[in-house]
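Chemist: Model the placement of chain B on the given structure of chain A, informed by the hints.
Protein chains in written order, with the working numbering: chain A, 1 to 513; chain B, 1001 to 1513.
Mixed in with the good hints, there may be bad ones.
Stated by the list, open to error - DSS-like cross-link-like pairs, simulated, lysine-lysine; straight-line CA separation at most 27 Å:
| hint | chain 1 | residue 1 | chain 2 | residue 2 |
| --- | --- | --- | --- | --- |
| 1 | B | Lys1094 | A | Lys249 |
| 2 | A | Lys153 | A | Lys364 |
| 3 | A | Lys300 | B | Lys1094 |
| 4 | B | Lys1094 | B | Lys1249 |
| 5 | B | Lys1153 | B | Lys1300 |
| 6 | B | Lys1041 | A | Lys481 |
| 7 | A | Lys300 | A | Lys289 |
| 8 | A | Lys457 | A | Lys481 |
| 9 | A | Lys94 | A | Lys249 |
| 10 | A | Lys30 | B | Lys1481 |
| 11 | A | Lys481 | A | Lys289 |
| 12 | B | Lys1043 | A | Lys481 |
| 13 | A | Lys14 | B | Lys1481 |
| 14 | B | Lys1300 | B | Lys1094 |
| 15 | A | Lys289 | B | Lys1107 |
| 16 | A | Lys94 | B | Lys1249 |
| 17 | A | Lys289 | A | Lys451 |
| 18 | B | Lys1041 | A | Lys30 |
| 19 | A | Lys94 | B | Lys1300 |
| 20 | B | Lys1107 | B | Lys1306 |
| 21 | B | Lys1481 | A | Lys43 |
| 22 | B | Lys1030 | A | Lys14 |
| 23 | B | Lys1481 | A | Lys41 |
| 24 | B | Lys1289 | A | Lys94 |
| 25 | A | Lys364 | A | Lys300 |
| 26 | A | Lys14 | B | Lys1222 |
| 27 | A | Lys300 | A | Lys249 |
| 28 | B | Lys1249 | B | Lys1227 |
| 29 | B | Lys1014 | A | Lys249 |
| 30 | A | Lys249 | B | Lys1030 |
| 31 | A | Lys375 | A | Lys159 |
| 32 | B | Lys1249 | A | Lys249 |
| 33 | A | Lys289 | A | Lys249 |
| 34 | A | Lys94 | B | Lys1094 |
| 35 | B | Lys1249 | A | Lys30 |
| 36 | A | Lys43 | A | Lys14 |
| 37 | A | Lys159 | A | Lys306 |
Quick caveat, the hints were computed from the structure, so don't treat them as lab data.
Number of protein chains: 2
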Amino acid sequence: MFLKVRPLEFEARKPTVILNSVDAEGLGVKALDRVELSVGKKKAVALVSVAEHFIEQGEVGIYGGVEEEIELRMGDRVRVRPCTPPESLAAIRKKLSGNVLKAPEIKGIVEDVVGNRLSDVEVTAFVTALYNHGMIMSEVSALSSAMAATGMKLRLSRKTTYDKHSIGGVAGDKTSMLLVPIIASSGMVIPKTSSRAITSPAGTADRVECMCPVNLELEEIKGVVEKTNGCLVWGGAVDLAPADDAFIKVEYPLSIDPLLLPSVMSKKKAVGADYVVIDIPTGRGVKFKTIAEAQEIGRKFIELGKKLGIVVECASTFGEQPIGHSIGPALEAREALGVIKAGRGQPDLINKVCHLAGVLYGFKGIRNGEERALKVLRSGKADRKLRQIVAEQGGDPGIRPQDIPVGSHACQVKSKVPGRVWWMNNRALIQVARAAGAPSDKGAGIMLHKKLNSQVKRGDVLLEVFSEHAYKLNRALETLKGLNVMGVAREHEMVLAEIPEEEEHRQYFVMER
Amino acid sequence: MFLKVRPLEFEARKPTVILNSVDAEGLGVKALDRVELSVGKKKAVALVSVAEHFIEQGEVGIYGGVEEEIELRMGDRVRVRPCTPPESLAAIRKKLSGNVLKAPEIKGIVEDVVGNRLSDVEVTAFVTALYNHGMIMSEVSALSSAMAATGMKLRLSRKTTYDKHSIGGVAGDKTSMLLVPIIASSGMVIPKTSSRAITSPAGTADRVECMCPVNLELEEIKGVVEKTNGCLVWGGAVDLAPADDAFIKVEYPLSIDPLLLPSVMSKKKAVGADYVVIDIPTGRGVKFKTIAEAQEIGRKFIELGKKLGIVVECASTFGEQPIGHSIGPALEAREALGVIKAGRGQPDLINKVCHLAGVLYGFKGIRNGEERALKVLRSGKADRKLRQIVAEQGGDPGIRPQDIPVGSHACQVKSKVPGRVWWMNNRALIQVARAAGAPSDKGAGIMLHKKLNSQVKRGDVLLEVFSEHAYKLNRALETLKGLNVMGVAREHEMVLAEIPEEEEHRQYFVMER
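Bound-form chain A, shown alone (with noise of 0.2 Å):
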């Protein structure tokens, strides 16, 4: 059938064609079909959506790359041909009947989920297959090696490489500021990219913009490590694992994570680390409750890098409440300005800083690592460190933690009873911050002026929550009322909370990259 072309201005990443709802029958083709668009030799595959008037009998709309694909444009007739979906579709079916694939059939997987070939209901079907079925190792890494190959490599000059990574989920953790100039003013290479938010507070990424840009390209990420040893980008700007954010699109309206693994590795395969270190927290409120769980995934970690070539090393960390004091990617910003540049405050913080750092100088063979990395921050070296990242990545290395704008309007939240903090709610914290404008308002968050075991006097104030709009701050507020956000009492005093009737209990989802 040949039809005229009308190109669409729409944005879309998949190449997709609107046909009229008669040619569509003409063609034999349903929604979510795939046709053939060819003019001479040159030919290009879309997605079918049919329309009954949009789309005039005759035409079809195009968008989504196929006008550049073969160079259409308005009025051109171009032959259209219904063809056979790509054969990544019966391996995804193959998932969903609980089969084990083969790399082959993981790997054209991934391609046409980076090559968007794949429509949403077929990119759907294989994350969702992937969380009901599971995944043996050898399809873990498989995909981990598919999701690293079809993406872009730091390729760095110096041949050992060294990383971290968190599995996340606990509020404030501002961990990698600290550690990563700690490694790199050591003569080690630690290429860190990491997220933003996804659903939390506040992403590496997102602290450290408070600073200096982070959206660098590969070449500038490389010219970066190359000079300093180390970087703290965002891993979004570039392509490391494409294939990742398309499963991200699905995993995230559903919380679902059945693609952990493999995409932290592939990210880490990207970067071409040799050595990894990765933090589990772990507790109520993160994803991992108790040490028994945060071992079985540990062991995986290490399992996988073992067939991808990477040394890993896991710790289990204690996720029962944010890591120091600061809640949101300006505060935290701030409090770890100020730890790097004091070499101490905040001692759970530094106290997980030198035992992870310490870690990675054990894969160096250096000995007493953790309290090699409490005198490298207490020297200032770490400091200087970080500062010259910061140069180098576009800010300003004189930066001192009140050049951070933080929300004007905030208000501070009182305790009504005397006693201890037995327990603090890591999820409803992160509601708060949420409300009151963190992630995407840079100065919106919470500063806790109590922690668990402090002592509390009626009227002390608990936390404070700070945000750049009032109507935010309000919002939080309005968050937190329903919440038990601390958990305050005196010694033996049992019961924790009066169960509701009915009300369902509600997992906060945990979603870090």
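Modeler: Below, chain B alone, put in the same frame as chain A:
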């Protein structure tokens, strides 16, 4: 956030907004999140798309019904706020994790599917979760009821209503075109709604449409049935179970069909059926390969019927070759008209029709139903009833087989070897008929000259392919080349086929609704 409305003329069923990426970030929403639009007290919820350039900052593009829901015009200022997903999403996630759903949860999902409040990703997750985890009978029953409850209902004044359904998959099955007139002419009410072909070369609706309109509205169907006791209409023209359309949109591209039971039975419920006979074609090339498989699904239909207040009987019928000699809407309509007129010919068709009609007679307490059906057929009563139905639906009651046009491009396929027909490749026949243009070209299809066990001489015509267009005939013959449509061999020739290395066995996907 207040934004300026820009109505877009896209056709879509889901209320959707397109936000500029800066505004989306400001609101803290991502693609497929939801926002609430409000002007004064009028509110609407829409799914989010994000664009970089297509929509400017400060603007909001709207389509898919949003503009009607709150009467928005170009340039209006509308308040846009993030909002939480519908509760049914929690139920979808629950099923995704393998849990059993309660009736209210299933009802919530179906209502949101019908109300277009769920994204493609979410509907796909639900359908694939059903495919992966299956459903227990209470879930199937709740789903069937919810699917019927959210659709339209046929309310007839007569009390007892009979119906018939075929699981499909066998080509050339024109059973309903004879069965409905037989039953209706016996004073029993049978308001038969049928599907158009999804993966086959013709559905009953496609066949009947060669004689009279089938796109009747509910009141028109009621009129036809009140007058004639029967009808032969397209179910898709009346929304008996509109959720099914949304599910099919996902099932079809993935070639999965986890909703067979609720899909069939929700529609029987919606037409008010009291007694239903279900035909389960059985054999290689159709959905259920063995009698044991047919019995398993048959028992489920019976059990589900009990829960829905419908008496169900099932028959496993021979599905290893087409019914009669014709495949394709016009050829089949011609054949059915010929058999019902003469009361003889096509013994397999007559046997199947009379057996299934006999089951329906049995429900009414009539003994020897099969013989009675044959009598009615031979008496000419069924023929007169069919013509009455055709007339009431708006067709010509005097229509003769030769009045139905078939494709003028035809080609005979001859046997290269002598012997006997040992097997027929149902899937190959379907592929060839579809390549010839069926079902959208009504005159396209296949006439079989030989069937199973026929004696074949070298050079005998095995079949004839018909098409409305020369290029489609060529395409059909091209398709035929690579396939073995009939196995002709001498007795005791034991090698069925050389098994090629590495070629994958492709399963033909049967989807009839």
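Chemist: Run every hint past the structure and note whether it holds.
Modeler: Structure-based check of each hint:
no.	hint	result
1	B:Lys1094 x A:Lys249	19 Å, holds
2	A:Lys153 x A:Lys364	24 Å, holds
3	A:Lys300 x B:Lys1094	26 Å, holds
4	B:Lys1094 x B:Lys1249	22 Å, holds
5	B:Lys1153 x B:Lys1300	24 Å, holds
6	B:Lys1041 x A:Lys481	26 Å, holds
7	A:Lys300 x A:Lys289	17 Å, holds
8	A:Lys457 x A:Lys481	20 Å, holds
9	A:Lys94 x A:Lys249	22 Å, holds
10	A:Lys30 x B:Lys1481	26 Å, holds
11	A:Lys481 x A:Lys289	26 Å, holds
12	B:Lys1043 x A:Lys481	25 Å, holds
13	A:Lys14 x B:Lys1481	34 Å, violated
14	B:Lys1300 x B:Lys1094	24 Å, holds
15	A:Lys289 x B:Lys1107	33 Å, violated
16	A:Lys94 x B:Lys1249	19 Å, holds
17	A:Lys289 x A:Lys451	20 Å, holds
18	B:Lys1041 x A:Lys30	39 Å, violated
19	A:Lys94 x B:Lys1300	26 Å, holds
20	B:Lys1107 x B:Lys1306	20 Å, holds
21	B:Lys1481 x A:Lys43	25 Å, holds
22	B:Lys1030 x A:Lys14	18 Å, holds
23	B:Lys1481 x A:Lys41	25 Å, holds
24	B:Lys1289 x A:Lys94	20 Å, holds
25	A:Lys364 x A:Lys300	23 Å, holds
26	A:Lys14 x B:Lys1222	45 Å, violated
27	A:Lys300 x A:Lys249	24 Å, holds
28	B:Lys1249 x B:Lys1227	35 Å, violated
29	B:Lys1014 x A:Lys249	18 Å, holds
30	A:Lys249 x B:Lys1030	9 Å, holds
31	A:Lys375 x A:Lys159	26 Å, holds
32	B:Lys1249 x A:Lys249	20 Å, holds
33	A:Lys289 x A:Lys249	26 Å, holds
34	A:Lys94 x B:Lys1094	23 Å, holds
35	B:Lys1249 x A:Lys30	9 Å, holds
36	A:Lys43 x A:Lys14	15 Å, holds
37	A:Lys159 x A:Lys306	18 Å, holds
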